[in-house]
Amino acid sequence: MAVQKESFHQASPSEPFLLNCWYVAAWDHELIDAKLVARTILDKPVVLFKGDSGKPVALDDRCCHRGALLSKGRVEGDCVRCMYHGLKFDATGRCVQIPGQDNIPPKLGVSSYPVVERDRLVWIWMGDAAKADPAKILDFPYLRDTGWRGHPGYLHYDANYLLIVDNLADFSHLAFVHTKTLGGSEEYAFKSKPTAIERLEDGFRVERWHMGAPPPPFHKKVVRDAGQVDRRNIARMYVPGIFFMETLFSPAGSGAENGNLQSAKQYRNCQFFTPETSRTTHFFWDYLHDYALDDPNVSLSLYRSMVDGFNEDKAIIEAQQKTLEADPAFQMNAIVADAPLVHFRRTLARMIEAERAGLKAVAA
Amino acid sequence: MAVQKESFHQASPSEPFLLNCWYVAAWDHELIDAKLVARTILDKPVVLFKGDSGKPVALDDRCCHRGALLSKGRVEGDCVRCMYHGLKFDATGRCVQIPGQDNIPPKLGVSSYPVVERDRLVWIWMGDAAKADPAKILDFPYLRDTGWRGHPGYLHYDANYLLIVDNLADFSHLAFVHTKTLGGSEEYAFKSKPTAIERLEDGFRVERWHMGAPPPPFHKKVVRDAGQVDRRNIARMYVPGIFFMETLFSPAGSGAENGNLQSAKQYRNCQFFTPETSRTTHFFWDYLHDYALDDPNVSLSLYRSMVDGFNEDKAIIEAQQKTLEADPAFQMNAIVADAPLVHFRRTLARMIEAERAGLKAVAA
Amino acid sequence: MAVQKESFHQASPSEPFLLNCWYVAAWDHELIDAKLVARTILDKPVVLFKGDSGKPVALDDRCCHRGALLSKGRVEGDCVRCMYHGLKFDATGRCVQIPGQDNIPPKLGVSSYPVVERDRLVWIWMGDAAKADPAKILDFPYLRDTGWRGHPGYLHYDANYLLIVDNLADFSHLAFVHTKTLGGSEEYAFKSKPTAIERLEDGFRVERWHMGAPPPPFHKKVVRDAGQVDRRNIARMYVPGIFFMETLFSPAGSGAENGNLQSAKQYRNCQFFTPETSRTTHFFWDYLHDYALDDPNVSLSLYRSMVDGFNEDKAIIEAQQKTLEADPAFQMNAIVADAPLVHFRRTLARMIEAERAGLKAVAA
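First to last, the sequence lines map onto chains A, B and C.
Here the first sequence stands for residues 499 to 862, numbered as in the working numbering.
Here the second sequence stands for residues 499 to 862, numbered as in the working numbering.
Here the third sequence stands for residues 499 to 862, numbered as in the working numbering.
By construction, these hints were calculated from the structure, which means they are not laboratory data.
Any given hint could be a false lead.
Identical copies go unnamed one by one, so any copy, or any two together, can satisfy a pair.
Cross-link-like lysine-lysine pairs, in silico, BS3-like; alpha carbons within 27 Å at most [unchecked claim]: (1) 718 with 820; (2) 689 with 763; (3) 629 with 718; (4) 678 with 691.
Bear in mind that the values here come from a model prediction, so they are computed numbers and not experimental data.
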């Protein structure tokens, strides 16, 4: 297998985002108690809230009058009132009250964005609202399946979202970055190779087995009597930055590779990367397990192990972001293991290009 | 009454300042004990001090030799010595000593600015010194009138000064921003309308009455037995950013609106906004009362109430500044209550334009 | 003597550096225990380390694969392993291992820089490696001479290195900046003039005597019975920013100026200024004494006095940097004492220009 010599697509700060797709904007629990959440998404300051009807609302976080923050306002019914001069906006963004003024110009208002709450996640559509089809939201059934338990997480990243996608495209980094948390041993990088790399129309699928090795620390912490294990990771990544992973640990030699899973302990992991700006990212995630469902401390231990592991990634990737910003002329070099990454970046770039060509055609 | 649909003049970071006018540079107490005060005014770093003669001096805060800060120097007589290599400058900015060198080039020196100390304020003229006429300084007699007592204040703002001027141009914000401090109730925005809006050649005058309402918290704190009151605010704003307000509280129904003021308690408020840069502002203010002149705690309570209230504005306005900077293409929308604001911005823009046309004519 | 009226060469943030010369990159003690030191030099992020062979290595601090920091990696033998995906690089920067991949493209690697360890200093050559001749490293024999003792120091400066060079080019600043630390009295500026200013091909030499004055505080602290002294400073500055100074204090009237040095106490000072970026500087220094060699507290006292004094400079120079950045149009004015400074800046500018002309000629 030869190293891929051509330079490949790099994220750059000025690169456009894919607009016509669903991004995770929040966990549902962030919007309880009529809380106004200020969150910048794809460079747009957005305010998210749920009023009396319980339906989530997303508006520009900028009063159309003087630019004050609506997120510092007050929820009234399904409306939000700007607490500078008191203008009130309904869930569609239309201005419905101006204190001391009877006549409200019909066009006065702020932009609103389609939002859908599903399986504890609040999704937002930043592109053409007419194309916002909830059927296009990717399904991750484990969040609603009582056979699985997890603890939702959030991390903020000072890095472009694609650098985090890259990170997940090559699991050999487990060996070096996460030796003491999520990985286990450097052997993982040298001995376990992906058994299958599948290029998908909107992402990739990678399967990787590591046979007869000690379990990684995060698993050992909650399953104390785990001996040597066969470990399988099936990872799928979808545009614009959605990662699902199925992990299982089965006693070494128990035949998991032949479908014998009765002694396996399994995990389901979802990770959602939503660009805040071109150099910062919202990272939503959950790591669910299918055993010990009555013990909340298992979920909590796994949550904490993931935070520890993700912070190991974060340190590397945020430094990488600074390095890339400092010298935009730097060209990365692909190694063999980068095949999924290269495919993903090309796929996404092609979709963004097509979307922009469409916008230009409409404009012309 | 229709909403004004045209977009109106917005402050932008690159917008020029009005140069040929007096700005407040400091309170007199800042210059006691020969203290050197470093203060950037209209983007120019200035050092202010009073030497042995007691006359205030303003010079460029940059030694003409190597650019060291004169404000880190030493006052000697009416001169200041740079404490890097020891060059000494007199009150006009001329270099009068170079240690170890006998011959001083006559043109060696730093720029000086006209300054006038009046009624506890130190005013500076950043434009053409030949036009600096002290008679043009606006008179606010209450600062020297022993019938009034106050406590001088200063706040630094991370916002363009015109956003603060805007804030004072529409008192409906009292209802939403200052409900628990300076305002009192949201009713103020809905029920009390300005009774008079007067467009002045160099600003505006707004009068607003609120009849038969509970007094606002700041007044209630110092006048505990205040019942329902009739409240009158007369506000005047002058270019470049000078605000005077006369406030009275009279027992509800006592006929204040007909001139019966014998039971009224009155306040006089001055606020001076001096651009530090296009995105930061020096804010000098005093809030004076005409009763309980022997009780220093009344002044102190009012001072603290104002600080609390001004910090409520500051939080909103500094967020507004960030929002406007983040998207310079954003167009504000005027409501009816913005009439004074729109007039003020137009007036100031016209004066700045005229001043710049004059400068160009001279240059050509 | 007339003041030099012409404006002279100023450091600007965009100014190029002299590349083909040796810069100090580190003290040797920074690299013990296989420590990886991340240090930006002339805008290039570099990682420095010593592996098993004990020879210092300098590589680009950026993995050629994905841009991760090699300084967060791991030393293995004389190699460094990137701890993101495990690529290993030898001391020349060549990639020698890719985990999970057998074939390593021969050109895969990172840049390396010539480094030389000499007399406790680690020197680096950022220009054309073929020209890196260790014989060009300036000799400061006192660092290896057991007749002298010191304590190596480091300070980081938020200022262009030339502003620090300027500082050392005119010792009249001792009188104003360092009155209570390194200077002693303001008389130094007024009465002591340089007795000799020698323009060198690659710098300057200044000699300055101050006869019959109290010793400066730093000397008085370690030589408590020092009475009035004759003080001589011989300072030499070399491109790109290397400063050597010989200082002696002899009892006043003991004839030091005629070569009678038997009662003198002497110091040797080296200072090395290495640009980190155009607006920040690494400052390495040592201040050595030739007496009380058995008493470590003398070295320590002198070290601390120098830190105090250098921090006085730092406060002025970092403010100066901000002032110059704020207004690039500002023109400094030279005084008579600036002759060495002006010569040095011109010399360096000429050398940089020649180097760049050479680069262009090669390119064309």
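Hint check:
no.	hint	verdict
1	718 with 820	neither (35 Å within a copy, 48 Å between copies)
2	689 with 763	within (23 Å within a copy, 67 Å between copies)
3	629 with 718	neither (46 Å within a copy, 56 Å between copies)
4	678 with 691	within (20 Å within a copy, 65 Å between copies)
When each numbered hint is compared with the structure, violations occur for hints 1, 3.
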